[in-house]
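> The listed protein sequences correspond, in order, to chains R and F. For what it's worth, the UniProt record's numbering labels the leading residue of the first sequence as 1, then goes sequentially. For what it's worth, the UniProt record's numbering labels the leading residue of the second sequence as 1, then goes sequentially.
It is worth saying that the hints were derived from the structure and are not from the lab. Wrong hints could be hidden among the right ones.
Said to hold, decoys possible - Here's a subset of chain R near chain F, in silico, CB distances under 10 angstroms, partners left out:
| no. | residue |
| --- | --- |
| 1 | Pro83 |
| 2 | Ser144 |
| 3 | Gln245 |
| 4 | Asn270 |
| 5 | Lys298 |
| 6 | Pro300 |
| 7 | Thr302 |
| 8 | Ala305 |
| 9 | Asp312 |
| 10 | His314 |
| 11 | Trp319 |
Stated by the list, open to error - Pair by pair, the computed Cβ-Cβ distance ranges are:
| no. | chain 1 | residue 1 | chain 2 | residue 2 | range |
| --- | --- | --- | --- | --- | --- |
| 12 | F | Glu337 | R | Thr286 | 23 to 31 angstroms |
| 13 | F | Glu332 | R | Gly234 | 30 to 38 angstroms |
| 14 | F | His217 | R | Ala91 | 51 to 59 angstroms |
| 15 | R | Glu330 | F | Asp45 | 55 to 63 angstroms |
| 16 | F | Gln375 | R | Pro97 | 30 to 38 angstroms |
| 17 | F | Gln182 | R | Lys298 | 37 to 45 angstroms |
| 18 | R | Glu330 | F | Arg372 | 54 to 62 angstroms |
| 19 | F | Ala368 | R | Arg259 | 49 to 57 angstroms |
| 20 | R | Lys298 | F | Ala91 | 53 to 61 angstroms |
| 21 | F | Asp177 | R | Gly41 | 55 to 63 angstroms |
Source: prediction; values computed, not measured. We put the beta carbon where it would ideally sit given N, CA and C, even for glycine.
There are 2 protein chains.
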Amino acid sequence: MFSLRTPLRRTILNSAGAIPKRHITVFGYTQAKALIFSEYGQPKDSRLHSHSISPAHGDEITVRFLAAPINPADINQIEGLYPSKPIFTTALGTPAPHAVPGNEGAVQVLSVGSSVTDFTPGDMAIMRHTAFGTWRTHATARSSNLLKIPKSPSVITPLQAATLSVNPCTAYRMLKDFTPLQPGGWFVQNAANSGVGRAALQFGRIWGLKSVNVVRHREGIEELKRELIELGGGGEGGAVVLTDQELADPEVQKGVVDRMGGKGAMLGLNSVGGKACIDLCKLLDTGGHLVTYGAMSKKPLTLGASLLIFKDLHFHGFWVSRWSDQHPAEKEAMLEEISRYISSGELKDVPMETTVWKRDTKEEELKAAIERSTQGFGGKKQIFVFEDE
Amino acid sequence: MFSLRTPLRRTILNSAGAIPKRHITVFGYTQAKALIFSEYGQPKDSRLHSHSISPAHGDEITVRFLAAPINPADINQIEGLYPSKPIFTTALGTPAPHAVPGNEGAVQVLSVGSSVTDFTPGDMAIMRHTAFGTWRTHATARSSNLLKIPKSPSVITPLQAATLSVNPCTAYRMLKDFTPLQPGGWFVQNAANSGVGRAALQFGRIWGLKSVNVVRHREGIEELKRELIELGGGGEGGAVVLTDQELADPEVQKGVVDRMGGKGAMLGLNSVGGKACIDLCKLLDTGGHLVTYGAMSKKPLTLGASLLIFKDLHFHGFWVSRWSDQHPAEKEAMLEEISRYISSGELKDVPMETTVWKRDTKEEELKAAIERSTQGFGGKKQIFVFEDE
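Isolated chain R, as found in the complex (with noise of 0.2 angstroms):
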């Protein structure tokens, strides 16, 4: 029901295959636009620049965008709060320097240089390393930005190629690679509705995995929790969802343990942090392990010692970018593995809400878009969807 099945996704979906009429001058020039901003500061205080873009030649590569949402971590790094740094440049044929906002993407390859070997006009990609600029309609890459998406034995769609490297990603890797888990064995988290929290009730569906999945409360909760557990394989299976207020409960923590079998969970994924990742520490049995990768809440993790000492928590990080730098290999691995979970219609995408970005969308209506996706974390995902007229 949240899904994207309309018009639009498959006029996306068309157009990665069949490259489209291009807006390009007698000399061979894209005319291309991009969101940009030149200091650190409020996404409202970018704007939309046009430039154009000269003839792919040697090792570049000419591609438009086709889609690229709006992640938390794209407002940090325009707040200079992100520790990957954009790049600030002239090259857009600014005065000054300005950057482009926007880390993940997928493109669509209009044209190479003479010197690339590896991608060919229509292949679809996305982006290899974060700090690329998405949130634009042209751009000049290498083949070093770019990771090409295999026409098969997987299809996805570019919206779905473009929100695959980040949220689905990071909630396999944490699956993977904190402690064993074994089929049967339980995971908690809270933020269950966010991208990597959906993600992660679904490989652990896929995987037999069980998980206790806590949502802020909010209006249509029932509606919600049905879901999650529909996505998690079904309350048999071991999908168990609840409510931050309701795990507040001492009581209600000591069902959730006595449901797990009486220890509670080996592992837990954080992206709230205050209470909340106390509350859900609770659910942890001894010697597990809590792995951080948000902090919605804006507050940090205060532990005492005990949780460390005596019960023997482990605490660490994950930080989807640095592992995709360190190790591409086993990325390009996991996101073909991820794109058959997607084709084969197991790994179902994040309710996202697209704004259209065509060669006439409005500075205002794009920065709407940014806007609502600051509007707490209950909401979709918001997403630019660009068509090329």
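Please build the complex by placing chain F on the supplied structure of chain R, with the hints as guidance.
Below, chain F alone, put in the same frame as chain R:
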């Protein structure tokens, strides 16, 4: 200068070999005294209790205590704040159940029951597990309670034996078990003047590791710095000592990181918590591990998510009691190794202040020693030494 080189110590050392005259009734009962408490509360509410111990029969072993330290965990145990609970029993002839405080100690075997084959009178032993109750002159034990201290190849004194199983073992395991340190590698620690801290500093020297050691600012700080640097093998050898106040200065932090080669250490040992712990984290390299084994500041660890996510720090705890229960064979091998370091003079004692516990020692004198142990953590370790005149 701080270690106990007094006639008293030689008395104790000698007394571990020869069995002294005992106060025994005509029926073979040993006259004993113990500090006892009937409910969790303050150490000052404990009292000195006289009782008799029946002759050892079957698998029983009658021991007399040689030395028993007062550790912070003992105080927490009396307060009811320690997870390893003492045994409340009427076995000592009290009308209501009482427990004996104290977890660490060295004993001499006085007599054994007919089925005991692994201990003989005169053997020196230490407690195998916590919560035996060591602030007492005599006790009935079983083989499973005791770990024999071999008479060779190492010769260690009862005071050394009585303080072997908590602090040096904690330091040893934390340096070995969390991240591999190569010779020449650095670790950092706070509470460097504590029993664990001094042991870590010296193991570092023995194993070729370099260390940054943080102590609280105090009177006589320069003398303490010199002493700790010498324990660590000298400033040239790579032992840096600085105060918590000095470390709070970002310029000093940078200088220390530069001294470590510009990247920081991969291992930190924390027994303080609060801000001191965050300052220590600034000396850790990306991907480093911080192990918490105490909370002298009584303040929790407050960790911004970026320390976990972007700096990739890993936070663990260490509790020697759990480790010892889970690794009995490794523990014996480690004690053997540490005993060799002690008898060779490579590992020096912590500064100790002894309280002699004789037949006529008053309850007030014993409780004054306990009180001194709670006066901050810059002082000497308090330890009971038993004289059976």
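> Hint by hint, note whether the structure agrees.
Hint check:
Satisfaction of the interface hint for Pro83(R) is found here, the shortest Cβ-Cβ separation to chain F being roughly 5 angstroms, below the 10 angstroms cut-off. Taking 10 angstroms as the C-beta cut-off, the interface hint given for Ser144(R) is violated, the closest approach to chain F being about 23 angstroms. Checking Gln245(R) against chain F: minimum C-beta separation of about 22 angstroms lies over 10 angstroms; hint violated. Checking Asn270(R) against chain F by beta carbon gives a least distance of about 9 angstroms; that is within 10 angstroms, so the hint holds.
Interface hint status for Lys298(R): upheld, as the beta-carbon distance to the closest one in chain F is roughly 9 angstroms, under 10 angstroms. Satisfaction of the interface hint for Pro300(R) is found here, the shortest Cβ-Cβ separation to chain F being roughly 5 angstroms, below the 10 angstroms cut-off. Restraint check, Thr302(R) versus chain F: the minimum CB separation of about 5 angstroms is within 10 angstroms; hint holds. At a threshold of 10 angstroms, the smallest CB-CB gap from Ala305(R) to chain F is about 4 angstroms, leaving the interface hint in force.
The restraint placing Asp312(R) at the interface with chain F holds, with a minimum CB-CB distance near 6 angstroms, inside the 10 angstroms limit. For His314(R), the interface hint holds, since its Cβ comes within 10 angstroms of a Cβ in chain F; the closest pair sits about 5 angstroms apart. For Trp319(R), the interface hint holds, the least distance from its beta-carbon to any beta-carbon of chain F being 5 angstroms, beneath 10 angstroms. Our hint of 23 to 31 angstroms for Glu337(F) and Thr286(R) holds, since their Cβ atoms are close to 28 angstroms apart.
In this structure, Glu332(F) and Gly234(R) break the distance hint of 30 to 38 angstroms, their C-beta atoms being roughly 51 angstroms apart. Between His217(F) and Ala91(R) the beta carbon distance is about 53 angstroms. The supplied range of 51 to 59 angstroms therefore holds. Hint check: Glu330(R) to Asp45(F), Cβ distance near 60 angstroms, so the stated range 55 to 63 angstroms holds. Between Gln375(F) and Pro97(R) the CB atoms are about 60 angstroms apart, so this pair departs from the stated range of 30 to 38 angstroms.
Against the hinted window of 37 to 45 angstroms, the Cβ-Cβ separation of Gln182(F) and Lys298(R) comes to about 39 angstroms, which satisfies the hint. Checked against the given bound of 54 to 62 angstroms, the beta carbons of Glu330(R) and Arg372(F), roughly 57 angstroms apart, stay inside it. Ala368(F) and Arg259(R) have their C-beta atoms about 52 angstroms apart, which keeps the hinted 49 to 57 angstroms range intact. Checked against the hint of 53 to 61 angstroms, the C-beta distance between Lys298(R) and Ala91(F) comes to roughly 55 angstroms, which is consistent with it.
Distance hint for Asp177(F) and Gly41(R): a CB-CB separation of about 46 angstroms, inconsistent with the stated range 55 to 63 angstroms.
The structure fails hints 2, 3, 13, 16 and 21 (numbered hints given earlier, in ascending order).
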